[in-house]
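Residue numbers (the numbering used here), protein chains in the order written: chain Y, 161 to 423; chain S, 161 to 423; chain W, 161 to 423; chain E, 161 to 423; chain V, 161 to 423; chain A, 161 to 423; chain F, 161 to 423.
Treat the hints with care, as some may be off.
Selected chain F positions facing chain A (in silico; Cβ < 8 Å) [as the list claims (entries may be wrong)]: (1) ALA255; (2) TRP258; (3) TYR262; (4) GLY315; (5) VAL318; (6) ALA344; (7) GLY345; (8) ASN346; (9) THR348; (10) GLN354.
Note that these hints are calculated values from the structure, not bench results. Beta carbons are placed, not taken as given, at the ideal position from N, Cα and C, and that holds for glycine.
Chain residues, written in single-letter form:
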Amino acid sequence: MSRTSYDRYLTVFSPEGRLYQVEYAFKAISASGHTSIAVKGKDTSVVITQKKVPDKLLDPDTITHLFSLTPTMGCVMTGLLADARAQVERARAEAAEWRYKYGYEITPDALARRMANINQVYTQRAAMRPLGISMIIIGHDTELGPQIFKLDPAGYFVGFHATAAGQKQQEAMNHLEKKWKRLAGNITDVDAAQVGNRLGRAEVIDVAIEALSTVHSTDYKPGEVEIGIVSTSEDEDLKTRGQWRVMDKEEIDKWLLAYGEKD
Amino acid sequence: MSRTSYDRYLTVFSPEGRLYQVEYAFKAISASGHTSIAVKGKDTSVVITQKKVPDKLLDPDTITHLFSLTPTMGCVMTGLLADARAQVERARAEAAEWRYKYGYEITPDALARRMANINQVYTQRAAMRPLGISMIIIGHDTELGPQIFKLDPAGYFVGFHATAAGQKQQEAMNHLEKKWKRLAGNITDVDAAQVGNRLGRAEVIDVAIEALSTVHSTDYKPGEVEIGIVSTSEDEDLKTRGQWRVMDKEEIDKWLLAYGEKD
Amino acid sequence: MSRTSYDRYLTVFSPEGRLYQVEYAFKAISASGHTSIAVKGKDTSVVITQKKVPDKLLDPDTITHLFSLTPTMGCVMTGLLADARAQVERARAEAAEWRYKYGYEITPDALARRMANINQVYTQRAAMRPLGISMIIIGHDTELGPQIFKLDPAGYFVGFHATAAGQKQQEAMNHLEKKWKRLAGNITDVDAAQVGNRLGRAEVIDVAIEALSTVHSTDYKPGEVEIGIVSTSEDEDLKTRGQWRVMDKEEIDKWLLAYGEKD
Amino acid sequence: MSRTSYDRYLTVFSPEGRLYQVEYAFKAISASGHTSIAVKGKDTSVVITQKKVPDKLLDPDTITHLFSLTPTMGCVMTGLLADARAQVERARAEAAEWRYKYGYEITPDALARRMANINQVYTQRAAMRPLGISMIIIGHDTELGPQIFKLDPAGYFVGFHATAAGQKQQEAMNHLEKKWKRLAGNITDVDAAQVGNRLGRAEVIDVAIEALSTVHSTDYKPGEVEIGIVSTSEDEDLKTRGQWRVMDKEEIDKWLLAYGEKD
Amino acid sequence: MSRTSYDRYLTVFSPEGRLYQVEYAFKAISASGHTSIAVKGKDTSVVITQKKVPDKLLDPDTITHLFSLTPTMGCVMTGLLADARAQVERARAEAAEWRYKYGYEITPDALARRMANINQVYTQRAAMRPLGISMIIIGHDTELGPQIFKLDPAGYFVGFHATAAGQKQQEAMNHLEKKWKRLAGNITDVDAAQVGNRLGRAEVIDVAIEALSTVHSTDYKPGEVEIGIVSTSEDEDLKTRGQWRVMDKEEIDKWLLAYGEKD
Amino acid sequence: MSRTSYDRYLTVFSPEGRLYQVEYAFKAISASGHTSIAVKGKDTSVVITQKKVPDKLLDPDTITHLFSLTPTMGCVMTGLLADARAQVERARAEAAEWRYKYGYEITPDALARRMANINQVYTQRAAMRPLGISMIIIGHDTELGPQIFKLDPAGYFVGFHATAAGQKQQEAMNHLEKKWKRLAGNITDVDAAQVGNRLGRAEVIDVAIEALSTVHSTDYKPGEVEIGIVSTSEDEDLKTRGQWRVMDKEEIDKWLLAYGEKD
Amino acid sequence: MSRTSYDRYLTVFSPEGRLYQVEYAFKAISASGHTSIAVKGKDTSVVITQKKVPDKLLDPDTITHLFSLTPTMGCVMTGLLADARAQVERARAEAAEWRYKYGYEITPDALARRMANINQVYTQRAAMRPLGISMIIIGHDTELGPQIFKLDPAGYFVGFHATAAGQKQQEAMNHLEKKWKRLAGNITDVDAAQVGNRLGRAEVIDVAIEALSTVHSTDYKPGEVEIGIVSTSEDEDLKTRGQWRVMDKEEIDKWLLAYGEKD
């Protein structure tokens, strides 16, 4: 009951030093019923997320959790979809401003930092609630290669080799860690970067599909998942190499088949 | 009781990560006592809604839930009618601004996205309550053909082959899905788009009338429903082809008769 | 008790999707102790309302519920008289602005829509309470003939053949509907517009007087009612034809007598 | 107890459609312990009010409830004296602005309407409380002759032949009505205007003194009442004819004596 | 308990029509533990107040309740001293503005009215609390002679022949009234102005000292009272005649001695 | 419990006419655990305060309660140190503005009055809390000699011959009064100014050290106290004569030794 | 329970003179689960903090608590990381502004004071909550040598020879004090500055590692701690001498080894 006193005023600490509104925003993310996975390898980063079409008459092309941010960067948004759109528009505006000001594309880490700072402001000022969204950005950094950054409503962001967000975030993270260990040969002290660097485009996609399929114990059909990819692999078509793109149904079908046949 | 703590402040999450005010706005829509249906086919999209004249001395011409947005786009508004008018005026202004800025008409999806973004803002800021309105936009996209978009107070929007809003939304959605299945020959995995593409102007209108009549178990008379249509069918009169128009009583009578005689 | 949580904040939905403040404003109207009636016919629209002079030493000329809006439009205000004056001033300003901007008089429906939109704003924003007033506008539309529009605090407005507002609104509406049925020859499915179109100036006035007299079971004296009229009938004096005017005591006396003698 | 919920927020309706703050402002008026009377006749309007000097060492010249508004208009203020002064200053400013804008003096009804509109705003917006003041304006209208208008905190105003305000308002109103009836010869249906028009300057003053004396059962001494007058009577001194003036002690003494000797 | 509802919001009436915050400000004045007396005569007005030095090491020259406002006007402030300073600065600014605008010094009544109006605003708007101060202004009016005005937190002000403020206000007022009666020869209906006009400079000072000494049953020493004076008496030194001045310790000693020897 | 109603709103009186927030700010001062003493004599004023170094690894040079305000004026701040810094910065800005505007240094009393006025504003407006700081200013006034002024959160300020602030304020004040009495030869009615004027630089410092040592029953070591001084004595080094300076450890050691040897 | 009344309004004192929100912000720091240590010596200052990688797939290069502020100054932030980033950005902006305005780098104490003042404002105004961050700045002052300043959410800042922040702040402070004592030869009255001045670059690093290892009873591995350093020692590489730098894993490994071998 004493909580009710704190959560009505966004910018106030509870006696335990907690910011309840931020914690509730996290609840909004896990309650969204979606799980998203991101994996990066030597030359490729992908995001995969469930595509739930609650209604059969809904036009599935109009519903997506994947958004492009710059030609070489995209993201998967998990949580309140209306909030997601608002955050994506802001991210695009920030990227455009950077391009205009500095004459080159913003890097994934710079964009992640900028968006995280905006989120922090929502937790300190009284004017607006925090956004109920977890944002995972993937992209290609000319110096650092494939990149994954995850931002949360608290204004916290960090890079990953592989990560997850949403309903089954914890299960997916556990699965990915075990996978990494297995890839490293079941040694105790895995060097995650080293393992990642051994993964080519196909392996990265496979790991991502496996993670989503496993935590939901589901064999997904092409229309049930969305996959976004940025790859500089030679396997990637020349004209999309290094670009953010969302796979079409045929390509997804191909990868799902490949994953299915593996077993 | 603990709810009272959250719903007084629009922009605040409850401990479960919910935004109560937005949920109450949905209640305002279903409590309005109206049902609206939208269906699209190969070349035609229609909306049908009940025309309730609570008072016999009321001038029925002055009461409507259908509004034109641009020459080729219209909408049906379900919920608080006063809020509806405010939202329609905003939508028209947005469409006019687009035309002015870019020199061509806004497309249905762009208008739907813009209006949804405005709704999202009402859920994040403290200044105004969300609007108690479900907006279904129909129109013709030169590339994509007939379009249906539904927006809700949460700032969420999505495209449909056929959809419904208001009091009997759930029943109507169920009916439409079953209808689609029947049209597809009762196979399990219906491709909604494919089924829709087989529907001509007359079929689309028939499906819409059937849906509304069925969920309310009523044989409507011409003065009891409103029908809005955008059709590029050759059956459509040349001068209204591709334009949003509201059917007059005679035309509605014709279609209701056709539907009645079918049985 | 749980209501107290909602009605202090104007712009907030209750869990049932209701806007309590708007409902309380309706109470303020019915609690005002006044009833107003409006009736339109072929070429005439009239409003009649009670003139209560609570105090015998009050100057009855200074108390009125009828207000002119433009030369050809007037209204009867039912509810909080101080709010009424504020709304009338706004309506006049809107009409004047229209005339200035477009070069011709605003039409009754345009003015009604504009005022209703202003009322809607009071229900969505926190700055002001809704006005405790029901406004019935009458006027002559060059295309559509006599017009009656009723606006309420919710921002809802609609046209009528005959309507009522205030304390005995329901009784008056019932009476008018029965009257219409009687005029149509007691058939079930009355076409209200058709019946209205058969009513000349004298009949319209008679119907209005009858309605007010019946619901209050009172034989009114000239000083006890106010009548406003806009008529293009040939019975109307040439210099006031098509103009809004408030009847003087002598004329009211004449019509009351005519009504009395009818029985 | 449930009242406490409503009266803290000025601009909010209670569930019964009442505005409590406005009602409390009326309490502030009747609790002020003062009674004021206004009477008008053929060519004269007067206000009379008690002059209470709570403290014998107070300078009685510095305490008054009578204020001039324009050369030909004045008022008596009943209620919170500090609020009265604020309202009088506003009224003078409004009158001055009118004179500046239109080139002639504001009429009593125009000033009363303007001030009432200002009061209405205090009841609709949250920024300020309503003023705890009843304002009675008297003046001479070149067309309509003597005028009395009474304004209240609700923004309501109306003209009177004779009226009262403050602690004994009800008793004074009753007394004045009976007086009017007696003047009319004890007929039932008194025409208040006709009776008023028979009253000359002396009679008007006498009626006012009688009303105040009777409701307080007091024979007032010159220093205990204040009388303001606007008269175009030939009995009025030429240089104050048609002007607002406050009687000096000698003149009040004369009229009190005249009233006393009458019995 | 029900009071707590009203006193948190400055500008709101209680159900009895009272403004609690204003009443609490009066408590702040009487709780200050100070009493001030003002007396005026034929050609002199004086204020006397206690000089309490709570701490023996305090520099008594830095603590005062007397303030000059213009060369010919001063005041004694009773209540919260920090508030007093703020009000004095405002009064000086108002006086300076008057001098600048009109070319002559503001009169005591004009300054008192202006300051009272400012206080009224604090009681009507929500932005600031009322000031916990009673202000007694004395000065010389070229037409009306010596003047005393007392202002309170409610925005009420009035002139006096003699008055008091603070802890023993009521006792002092009673004493002064009795004194006036005695000076008038113990007749019942004392004309306060007439009595006052018989008092010369010495008598005025004596009356003031007597009043303060009596209500506190104390024989004051020079360092224990402050006396401010504006006198046009011939007894007054030529270069301070008609000017506000604060007596030095020697002069106070002289007058206290004179008072003491009288008995 | 009823207190909770008042202390949340800074600018509001309690029913007893108290301003709780201001009283709580005083608590913040006494709860700071510090005591400061100020003493002035013929030609010298000093402040002494405890230097508590809660942590042995803290750099003692970075912690101080003494601040210079102008070259000839300084202060000791007792209470919340973060608030102290804010107030000192404001005081310096005010002093600089004065110098710029008038061409000479601000005097101690003018600066004290200005800062007190700023504090009063914090007690009347809702925007900021009062500062939890007691400020004692010392300096040299070319006309009045050494000066001590103490300001509190209520906006009250006054001059002293010797004073104290903080945890042991009351005990220190009592000690200083007794000391003054002893210096005066144990007579009852001590003239504090006269006693003070007999104190040379060394005596003033000795009295201050004695007061602090006595109330805390501690023999302070050089690193445990801070001493600020403004002296025009001939004992003062020529280049710091009349200037504010903070003593270094060596000098403090010298004075503590002198005090210790005295016993 | 009574606390709930105070902590919702940032700028308000509790009856005990406390500012709860500030205290809760301290809780947020200690609840962060991190400990940071800072030590300075003759020519070197270092900060060491734990590097916790909660997730094995997280990219450890993207997570840090060390930030550069100017080329010669850096800091370790302990508490809410999102708040930390906001404060660091502000600090850099302040440093840049100083450089621009004055033409030379800001000194550590000036930057610490400026940031502390900004924190104080958050505790006095209602607009924003205090930041849940403890900031320890290290740097080289050309006059004073190595510097350590610690700032807290209350706006308090102070210099140290060695200090700690976060979860084990108290234990680390105790350890460091004991260490200093041991370094001084176990004498009672340690001169912290003198001890510090005997520490060279290697000793300073060793003391810091020892402190962190001891309070957490952990032998840290290179990837588990972060070390920031500013050193003018000749042992420091010429091109980083006097510059802030963060050690790479190899260097950390070297120092951890050296510490481990010492035992």
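Each hint, compared with the structure:
Contact between ALA255 (chain F) and chain A, as hinted, is not supported at the beta carbon level, the nearest pair being about 19 Å apart and thus beyond 8 Å. Given the 8 Å rule on beta carbons, the hint for TRP258 (chain F) is violated: about 16 Å separates it from the nearest Cβ of chain A. The criterion of a C-beta within 8 Å of any C-beta in chain A is not met by TYR262 (chain F), whose closest approach is roughly 18 Å, and the hint is violated. Interface hint at GLY315 (chain F): satisfied, since its Cβ lies 3 Å from the closest Cβ of chain A, which is below the 8 Å cut-off.
The restraint placing VAL318 (chain F) at the interface with chain A holds, with a minimum CB-CB distance near 5 Å, inside the 8 Å limit. Because the beta carbon of ALA344 (chain F) sits about 11 Å from the nearest beta carbon in chain A, more than 8 Å, this interface hint is broken. For GLY345 (chain F), the shortest C-beta to C-beta distance to chain A is roughly 15 Å, which exceeds 8 Å, and the interface hint is violated. Given the 8 Å rule on beta carbons, the hint for ASN346 (chain F) is violated: about 14 Å separates it from the nearest Cβ of chain A.
For THR348 (chain F), the suggested interface contact is broken, since its CB lies about 11 Å from the closest CB of chain A, more than 8 Å. Checking GLN354 (chain F) against chain A: minimum C-beta separation of about 12 Å lies over 8 Å; hint violated.
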